[in-house]
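Given the coordinates of chain A, work out where chain B should sit on it, guided by the hints.
If you're matching them up, the sequences are chains A and B in order.
Quick note: the first sequence uses our numbering, first residue 358, plus one each step.
Quick note: the second sequence uses our numbering, first residue 358, plus one each step.
Honestly, the hints are just simulated from the structure, not real lab data.
The reader is advised that the hints may include incorrect statements.
If several chains are the same, the list does not tell them apart, and a pair holds so long as it fits within one copy or across any two.
Derived BS3-like pairs (lysine-lysine); straight-line CA-CA distance at most 30 Å [as the list claims (entries may be wrong)]:
1) K485 x K622
2) K622 x K394
3) K602 x K369
4) K485 x K602
5) K394 x K618
6) K602 x K394
Because the structure is a prediction, the values reported are computed rather than measured.
Protein chains: 2
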Amino acid sequence: MIKKFTSALNLKSGHVDLSHGGGGRAMTQLIDELFIKHFDNDLLRQHNDQALFSVPAGRLAISTDGHVISPLFFPGGDIGSLAVHGTLNDVAMSGARPLYLAAGFILEEGLPLADLERIVISMAAASKAAGTPIVTGDTKVVERGKGDGVFITTTGVGIVPEGVNISGNRASPGCAILISGSIGDHGVAIMAGRENLQFETSIVSDSAALHGLVADLVAVAPAAIRCLRDPTRGGLATTLNELAKQSGVGMAIAEDRIPVKAQVKAACEILGLDPLYVANEGKLVCVCEASAAETLLAVMQQHPLGRDAAIIGEVIDDPHGFVQMATTFGGRRIVDWPVGEQLPRIC
Amino acid sequence: MIKKFTSALNLKSGHVDLSHGGGGRAMTQLIDELFIKHFDNDLLRQHNDQALFSVPAGRLAISTDGHVISPLFFPGGDIGSLAVHGTLNDVAMSGARPLYLAAGFILEEGLPLADLERIVISMAAASKAAGTPIVTGDTKVVERGKGDGVFITTTGVGIVPEGVNISGNRASPGCAILISGSIGDHGVAIMAGRENLQFETSIVSDSAALHGLVADLVAVAPAAIRCLRDPTRGGLATTLNELAKQSGVGMAIAEDRIPVKAQVKAACEILGLDPLYVANEGKLVCVCEASAAETLLAVMQQHPLGRDAAIIGEVIDDPHGFVQMATTFGGRRIVDWPVGEQLPRIC
Numbered sequence: 358m359i360k361k362f363t364s365a366l367n368l369k370s371g372h373v374d375l376s377h378g379g380g381g382r383a384m385t386q387l388i389d390e391l392f393i394k395h396f397d398n399d400l401l402r403q404h405n406d407q408a409l410f411s412v413p414a415g416r417l418a419i420s421t422d423g424h425v426i427s428p429l430f431f432p433g434g435d436i437g438s439l440a441v442h443g444t445l446n447d448v449a450m451s452g453a454r455p456l457y458l459a460a461g462f463i464l465e466e467g468l469p470l471a472d473l474e475r476i477v478i479s480m481a482a483a484s485k486a487a488g489t490p491i492v493t494g495d496t497k498v499v500e501r502g503k504g505d506g507v508f509i510t511t512t513g514v515g516i517v518p519e520g521v522n523i524s525g526n527r528a529s530p531g532c533a534i535l536i537s538g539s540i541g542d543h544g545v546a547i548m549a550g551r552e553n554l555q556f557e558t559s560i561v562s563d564s565a566a567l568h569g570l571v572a573d574l575v576a577v578a579p580a581a582i583r584c585l586r587d588p589t590r591g592g593l594a595t596t597l598n599e600l601a602k603q604s605g606v607g608m609a610i611a612e613d614r615i616p617v618k619a620q621v622k623a624a625c626e627i628l629g630l631d632p633l634y635v636a637n638e639g640k641l642v643c644v645c646e647a648s649a650a651e652t653l654l655a656v657m658q659q660h661p662l663g664r665d666a667a668i669i670g671e672v673i674d675d676p677h678g679f680v681q682m683a684t685t686f687g688g689r690r691i692v693d694w695p696v697g698e699q700l701p702r703i704c
Numbered sequence: 358m359i360k361k362f363t364s365a366l367n368l369k370s371g372h373v374d375l376s377h378g379g380g381g382r383a384m385t386q387l388i389d390e391l392f393i394k395h396f397d398n399d400l401l402r403q404h405n406d407q408a409l410f411s412v413p414a415g416r417l418a419i420s421t422d423g424h425v426i427s428p429l430f431f432p433g434g435d436i437g438s439l440a441v442h443g444t445l446n447d448v449a450m451s452g453a454r455p456l457y458l459a460a461g462f463i464l465e466e467g468l469p470l471a472d473l474e475r476i477v478i479s480m481a482a483a484s485k486a487a488g489t490p491i492v493t494g495d496t497k498v499v500e501r502g503k504g505d506g507v508f509i510t511t512t513g514v515g516i517v518p519e520g521v522n523i524s525g526n527r528a529s530p531g532c533a534i535l536i537s538g539s540i541g542d543h544g545v546a547i548m549a550g551r552e553n554l555q556f557e558t559s560i561v562s563d564s565a566a567l568h569g570l571v572a573d574l575v576a577v578a579p580a581a582i583r584c585l586r587d588p589t590r591g592g593l594a595t596t597l598n599e600l601a602k603q604s605g606v607g608m609a610i611a612e613d614r615i616p617v618k619a620q621v622k623a624a625c626e627i628l629g630l631d632p633l634y635v636a637n638e639g640k641l642v643c644v645c646e647a648s649a650a651e652t653l654l655a656v657m658q659q660h661p662l663g664r665d666a667a668i669i670g671e672v673i674d675d676p677h678g679f680v681q682m683a684t685t686f687g688g689r690r691i692v693d694w695p696v697g698e699q700l701p702r703i704c
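The following block holds chain A by itself, in its conformation from the complex (with noise of 0.2 Å):
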């Protein structure tokens, strides 16, 4: 390789311009010593406009993942470390082992250096922790006022062990819905972020890899599990409404049975916003059959990150395709989608 350089990166102080896109000497001197410095591997080393890996025969699973998320950096993470784990945990929700990543950013002209480096270093111990390197990637510029900061949408690869058939439509009268733990941490910790909304909580993100609780469960009762998904954006309301859709089932959930945490809730009370609809980046719901629900429960809750899993509900028979809730009150009710996120750009 010929260095070509005259001067490093100035990551103290300096700021992103339209030159770090524009494919020439400054493009690649970003790439060099940023990206590539902190993604660290072989693939991305190789400087080519794709990575090649190999694969055994089988079924793979691809997803990708904008992260527009505002503010950049919020208690728990930051948008680098969310856009590895989103995705990541996108792919693992089929019951694959995810293997290898893809990262595009859209940088704004005149971020400081200092803050895309925070990130990059965040994205790189987040992908390193997972065992699944970024092993290819894109950098586009856009002016001033044109974007905000930093865009990164990541693709993730995985490979669905045989035997696995995890598929939203899958959930049928009768099977059991558990979740993982406790709801709404992400989204509180966003707002608490916002510059126009400040509180006192310590709650932080729960943003995390969960493709290693998902091998745990898969390793346990592969064929019983039926649907897996991470409620994100819209929380558990549109996650178990989507389900409920793709599935052509109702779904009956009991209020008590779902973990909030106290100060989630006191902070939803304040925002006036339910705790059922704010958005989620480490958790997962998983629909099984009832006979395996006391086993694959047992798994989540020696998992770090299942401690707090409980069994929520059950599938019913409904063609209307309603997700009902018993209320703490001793009512009934109906959770509806809603129509958007209650607050945009949560992750």
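Same frame as chain A, now just chain B:
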């Protein structure tokens, strides 16, 4: 599937709003009535957060590319067709046969739904023509003034045939350098479309999917092809410098062998640009063993996308990694790396 929408998406006069990225009913409607309707394939129709597909044992290629081109619509294409071609081509430049695409949309609040529909229809047509369905995706919406209409990050996966070993670091002295056609068409077409740079030209973007041409080349001389790369941002000059740097060699090209359309040459003169640095979206550079150069040239010239292909030079021994060019005036000059792109947001 249970129908949940009270009225159809207003594709005539409606606009993207924040609810379309919220994960709820509005987003589901956008996905159903726009993305799934036009991309139209079984994997997408499953409404899962990931797509599963089967592969034989072997090597896969993955590539990702963000598209931020401005304007969104330009002579010869739009951001939708470009987002398909750009990523397909990056996958194909490994010699791979592209299989599937994933697409992540970042929409700006206020984008006319009619524009989005036009883009989606164009993207669907490009992916169908190429035989590579868009099997999974994601939609985010950012507030007005935090984006620029629409950004599309696409990711492609493909299968690399056995016996193919194409990489930017495999150029060696004596190899021939081929280009599949005239350079600068895309960049000039985009510049002509920019509001502040209007001039008369009938040049259209060369945006095209090159995997068919690559398949023809690979079929004829799989082992003789050392490097393939599409000279996009930064143009031919940048691609040759990249390959020289990766391979630790020099390159010697001849200006009079490089095909440039008269109109492109004229436009570049008016704008003060060098066509060597102007972006292409439907051309490839091929570095191959000298013995196979004429054969590969003939294959290119027989393909509709390679009719104007030419052998433009050869790889030479040079520890400095310089790209040098014999000019039409009989001199020699170094074709250096650009710092950035001559005009931003060309792709």
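Structure-based check of each hint:
1. When the C-alpha separation of K485 and K622 is checked against a cutoff of 30 Å, the pair qualifies neither within a copy, at 34 Å, nor between copies, at 48 Å.
2. Taking the closest pair of Cα atoms, K622 and K394 never come within 30 Å of each other, the shortest separation being 42 Å inside a single copy and 40 Å across copies.
3. For the identical chains of this complex, K602 and K369 are inter-copy neighbours only, at 28 Å across copies versus 50 Å inside a copy, given an alpha-carbon limit of 30 Å.
4. In this homomeric assembly, K485 and K602 come within 30 Å of each other (Cα to Cα) only across copies, at 28 Å, whereas the closest approach inside a single copy is 36 Å.
5. Proximity of K394 and K618 under a CA criterion of 30 Å is satisfied in neither setting, with 39 Å inside one chain copy and 41 Å between copies.
6. Taking the closest pair of Cα atoms, K602 and K394 come within 30 Å of each other only across two copies (18 Å); inside a single copy the shortest separation is 45 Å, beyond that limit.
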